[in-house]
Amino acid sequence: MNRKTKKITGWLVVIALIIAVQPLARRVSLDRLVLGINPPTPWTRILARSNQDPELAVTGVTGVIVGAILGGFREVAASMLWMKTDTLWDKGEGTHAQALWTMRLTTLLDPHWLEPWRITGWHLAYNMFVETDDPKEKAKFLQMGVDSLKEGVSWNPDRYDLYFELGWTYFDKVRDYEEAAKWMQAAIQFPHPEYIDRMIAHAFERLPDMPRALDWYDYCLKRNPTDGTAAGATITIRERYLPAWKLMEQGKYDEAIAAIDKWLLVEPNSTLGLHMKGLIYERAGNLEGAYEAWKLAGETSALNAHAQAKAVEIAHKLGKPVPEVAQSLFREKAKGGMGISRPEEEAAKKN
Amino acid sequence: MRAIYRVARATFHEAWRRRFLNIFLVFGILIIGSSWVFAYLQPGAELKMIIDVSLGSIRFFGMLIAVFMGTRLIPDEIEKRTIHTILTKPVSRAEFLFGKFLGGIATIFANVALMGAAFLIVFAIKAPQFRAMTTEGSMSMEFMTGNIVKAVILSFFELTVLMSIAVVASTVFSWIIAAIFSFFVYFVGQMAEFFNQLANPERDIPAVAKALLGVIYKLLPHFEIFDIREAIMRDQFMPWNVMGKIVAQGLAYTLIVMLIGYLIFNDREV
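Taken in order, these protein sequences are the chains called H and W. The opening position of the first sequence corresponds to residue 1 in the working numbering, with each subsequent residue numbered one higher. The opening position of the second sequence corresponds to residue 352 in the working numbering, with each subsequent residue numbered one higher.
Bound conformation, chain H alone (with noise of 0.2 Å):
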């Protein structure tokens, strides 16, 4: 074989290797996609990210972090960033685009971290909530807040924490006690403050369903029969409310009003009582009576958004015009809850 022809040889045995090897290679790739181990590619998804915000521009990004990502420092990178954003939130631009983006690239550079995800989902729903007053914005700020928590949610699935603080933003904000009890339901299946099975309560209470919140309460005295809120409200529930509830079982709604009535000649603003009543109202059929009592509930206490929201439905079947309100729009917008995706999933799945 003269040099010529090893040479040839040389070069083709080269090519057969290369053709030979990608069967390995498919195999490792699908091996790590199954085991989920292939790391956050921020490359990939934030040129996703990017083109489903245009408007967020990659502004946030330095030559140090951008070294530092491709040192293989990736949370030393993320670390960077979180820092920016305390300084762009100490110059008081903490809701401008740029703080919104590298709080973003925060959690898509490290999605293990807790911190960033749970600042990033209170930022936008309650920070970026209140700097519009367009409620259509407003349930977009909701929806983004949500997302990104659901998202972290995803990302650390055996952690209490990120499925309490989406529980907490459906409860504080969003005022969905049903979906609030959901995820707080979830967050208590790891290991979790004592709080959070009282919050469960606290949930059902306020949507009203008094016998599943009786029956939480009822769980937090046999885990801490020192737990003096739940006694109390045991106690609250099973004079005030239950009887109420019982006659609304019974179909006997006249008399359930009544027995509401008799509280809230004592506590006009009760919103627990008022919750009750708009409830009869609905189950007895009677929109008008229901409408009267959510609009109250919502009037009452400006930051009722479940009764204010609840109010908004019922108005709509009615056909009367009612001013929106954002956590109706965002509710509308959202049913169905519990499932977990990630934003660029959805949008792959829209494609």
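Hints should not be assumed to be uniformly reliable.
[As the list claims (entries may be wrong)] With the Cβ distance kept under 7 Å, some of the chain W side facing chain H (calculated, not the full set):
1) A603
2) T605
3) L610
4) I611
5) L614
[Stated by the list, open to error] Not everything, but these chain H residues come out facing chain W in the computed CB check (under 8 Å):
6) G10
7) A25
8) N38
9) R74
10) W113
[What the hints assert, rightly or not] Pairs of lysine-lysine residues, derived as BS3-like cross-links and limited to a Cα-Cα distance of at most 30 Å, are as follows:
11) K569(W) with K7(H)
12) K6(H) with K440(W)
13) K140(H) with K91(H)
Simulated from the structure, these hints should not be mistaken for laboratory data. We put the beta carbon where it would ideally sit given N, CA and C, even for glycine.
Given the coordinates of chain H, assemble chain W onto it according to the supplied hints.
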């Protein structure tokens, strides 16, 4: 084989006399040793930060050592004209090339082992402390130590591939161009999956571009496969058979690259 062993041994001893390589090693160990200080950058996730900084340091300083040593192995011999003395002895070009490469690999192995040992010591001291003081107390650590050892092993094989690229590049270019080329391939190789996604048949881009991206993906060494930090963070058992496949893929790439190096070096005038 004896000639390969002798060249490799000489290369290994010579590598420890190169001051810049020692400096990289010392820096790497210093950063790993102080990784627990960096951990406070992420309150509530200190343990994760130690792992990231330490594994990142092993990969980063390992990469510097692999590239700067790999690209100097052959050009230095040509520059000092010692290659003529060696090749006039009964040492073939192939033996010289593979001997140099294996000597470099032995050096990388020693460096990674030292940095890995430093990491394991810091981890053994600090992990229980951080786990107790943060919410990471609820974090599972059943497979963590084993996964860390596996990650260090995979870092070594990743650097083996990089080293082969650096050595081969230095047979074509000057060492500085070879170093730039090696860094470029390393960084692009970290994003190999990105090219695969771009070459996805469902993507709306011209067929030629798609084909080209597919070829780039197939030719590029897939450096990201050596990164198993996700498994560590999630405390997920990293199966040995998958480890074996990753190592096999790394060794296959190394073999291909070294074969290309042999074909080029055999034709080169020195």
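Hint by hint, which ones does this structure get wrong, listed from lowest number up? The structure conflicts with hint 2 only, although it agrees with all the remaining ones.
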